[in-house]
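> The listed protein sequences derive, respectively, from chains A and B.
Per my numbering, the very first residue in the first sequence carries number 225; after that it's consecutive.
Per my numbering, the very first residue in the second sequence carries number 1120; after that it's consecutive.
The set of hints was computed from the structure by calculation and includes no laboratory data.
Glycine included, every Cβ here is placed at the ideal spot set by N, Cα and C.
Keep in mind that a hint or two might mislead.
Unchecked claim - Which stretches of chain A does chain B cover? Using the computed rule of at least three CB atoms under 8 Å from a CB of chain B, they are: (1) 252–266; (2) 384–392; (3) 409–422; (4) 479–487.
Claimed, not checked - Sample of chain B residues at the chain A side, in silico, Cβ under 10 Å: (5) Phe1141; (6) Ser1219; (7) Val1253.
As the list claims (entries may be wrong) - Every beta carbon over 10 Å from chain A, so not counted as near; a handful from chain B, in silico: (8) Phe1192; (9) Ile1314; (10) Lys1327; (11) Ala1392.
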Amino acid sequence: MSHTHRARRHLSAGMIHAILLSYTLLALWPIFLVIINSFKSRKAIFRDPLALPNETSFSLIGFEKVLINSDFLLYFSNSLIVTVTALIISILIGAMAAWALSEYDFKGNTLLGLYLAIGIMIPIRLGSVSILNLVVSLDLANTLTALILVYIAQALPLIIFILSEFMRQIPTDLKEAARCDGVSEYKIFFQIILPLSRPALGTVAVFSMVPIWNDLWFPLILAPGEETRTITLGVQQFIGQYVTDWNSVLASLTLAILPILLLYLIFSRQLIRGITAGAVK
Amino acid sequence: MTRNQSHIWIFLAPAVLIYSIFMIYPLLDSIRLSFYDQSETGDLSFAGLVNYVALFGDPNWSEPFWNALINNFKFFAMHMLVQNPIGLLLAAILSLPKLSGRGSYRTLIFMPTMLSVVIIGFIWQLILSPLWGVAEGLMWNVGLGDYYNAWLGEEGSALITLSLISVWQFVGIPMMLIYAALLNVPEDLTEAALIDGAGHWSIFWRIKFPLILPTIAMVSILTFVANFNAFDLIYAVKGTLAGPNFSTDIMGSFFYRTFFGFQLQLGSPTMGATVATMMFLVILIGVMGYLLLIQRRLTRYSL
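From just these sequences and the hints, can you work out the full model?
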């Protein structure tokens, strides 16, 4: 009896791994397929798409073409500037606001918290017509500044929500001791609270970074010019133009995928811990 | 608390200002613009409900509008019927006790979610392309070659195919959120049931599932908002025209076309604002419904 029971357990453990493995395969092979084919010659891409590149089929022609025919490095650095600047500013001012909401008793505190939470559910894209008018009237059309400002506004609601939940749990004795010593409220925030919030800051950084980096909508309507193109828009436009050149298409996709893949593998632990710690409820 | 309170406002001011100027003001101003008309010279004049009358009454507007709205509900239905059940299943499996390799599975299955929708759209376009023949070749290998079709190009299947591509990319989100909720189910509850001889299957449905209903409701509303705001995938794979014959047009792509124009039709900011306001209403109704009905009814189950 116990024998068959154990056998059944093993069987079901095997089944479980089979399900998980097949799903993992389903999730990864399309990405893998694009990456391996970007390192092959045109002939090999069509002759045997599923094969790994070997000595005869290996080719970097796609990458050469992408780097010659498009300003990939410029797109990449545009995306980097926009994402990093928007992240740093939104996290800093978001943390300040979260601290004010979670620490101080003032009139309208709850109301202001609700006001700032509207943006968690209502997508900023719905205001696009007026955002474009606003950006044009501020003379910011086709600038990275316009993207940065919009992305700060987009990221703030969730950052403030998560950080204020976190900051409410910081023990009071630390700040009360500092207050008794006459330390200013600014110093308490920047020298005690901010460093203590580092794990939560990491989580909100990853959450906010992904939608900014990947966005197509705002680069398309606010900054479509060649000089300000982000990587997502750049890839979209490049592929639209070179759609029949398979080497170029595959290489440009690979160039867009690899940095994210690398970053993800480095930060995945932090990201997943952030989600599973119940940071988003 | 009688001390000078200026620091509170200094902490709050930058965030409140940027958020109000670039998020709240544009949302309200868009609603305002939907009641205006713009002449060819760009002058705005108050027009009352004229734009809405056109959107619902003029077949040139109302047909594409209803088409996009219905397509968007189909897009959402595919996510609810496929993405969230698969996410739930994966989360349930991942939260089984004594599972080895849990972390690696989680990390790898979540990976496509991190990539840009544009990239995912192009990847699947290549794979499904009859020119490259990868999907077709794989189907022949398993004996299903006769069933292959250029799904993305057919009016009857393009929208479903795009929905499934989106499902494939985002299944990691419900998986993670539900998994996190399952981790919070107290172990003594499930252990007591195990000792009483219950299997994992019945423990999941009888004990864990009712406890994570609030999370499933939250996943549903997040899916709803994201789906009714989607645009990038349609634009990347199908362009502004959301072809074939507008069969993949959803609210986001309809909004874009209305705002910026296409082919012979000029773009109209005020009609664009009208479409955006309708999207706002749809999303608002969904969110309100969630907050009022589901949340209230479900809280008594939550821990």
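> Would you say the segment 384–392 of chain A counts as covered by chain B, given the rule of at least 3 residues with C-beta under 8 Å?
The restraint on the segment 384–392 of chain A is violated, since only 1 of its residues have a Cβ under 8 Å from chain B and three are required.
> Per the coverage rule (Cβ-Cβ under 8 Å, at least three residues), is the segment 409–422 of chain A covered by chain B?
holds (count 3)
> Does the no-contact call for Ile1314 (chain B) survive, Cβ to all of chain A over 10 Å?
holds (16 Å)
> For Lys1327 (chain B), is the shortest CB-to-CB distance to chain A above 10 Å, so the non-interface label stands?
holds (16 Å)
> Examine the segment 252–266 of chain A: at least three residues should have C-beta closer than 8 Å to a C-beta of chain B.
Check passed, 5 qualifying residues.
> Measuring Cβ to Cβ, find out whether Phe1192 (chain B) lies farther than 10 Å from everything in chain A.
Non-interface label stands for Phe1192 (chain B): nearest chain A Cβ at 17 Å, farther than 10 Å.
> Let's test the interface hint: is any C-beta of chain A closer than 10 Å to that of Val1253 (chain B)?
holds (5 Å)
> Hint check: is the beta carbon of Ser1219 (chain B) less than 10 Å from a beta carbon of chain A?
Constraint on Ser1219 (chain B) satisfied, holds at 8 Å.
> Beyond 10 Å from chain A, beta-carbon-wise, is Ala1392 (chain B)?
Answer for Ala1392 (chain B): violated, closest chain A Cβ roughly 5 Å.
> Using the nearest Cβ pair, does Phe1141 (chain B) come within less than 10 Å of chain A?
At about 4 Å, which falls below the 10 Å cut-off, the nearest Cβ of chain A leaves the hint on Phe1141 (chain B) intact, so it holds.
> Examine the segment 479–487 of chain A: at least three residues should have C-beta closer than 8 Å to a C-beta of chain B.
Since three or more residues must qualify, the claim that chain B covers the segment 479–487 of chain A holds, with 4 doing so at under 8 Å.
Checked against the numbered hints given earlier, this structure breaks hints 2 and 11; the rest are met.
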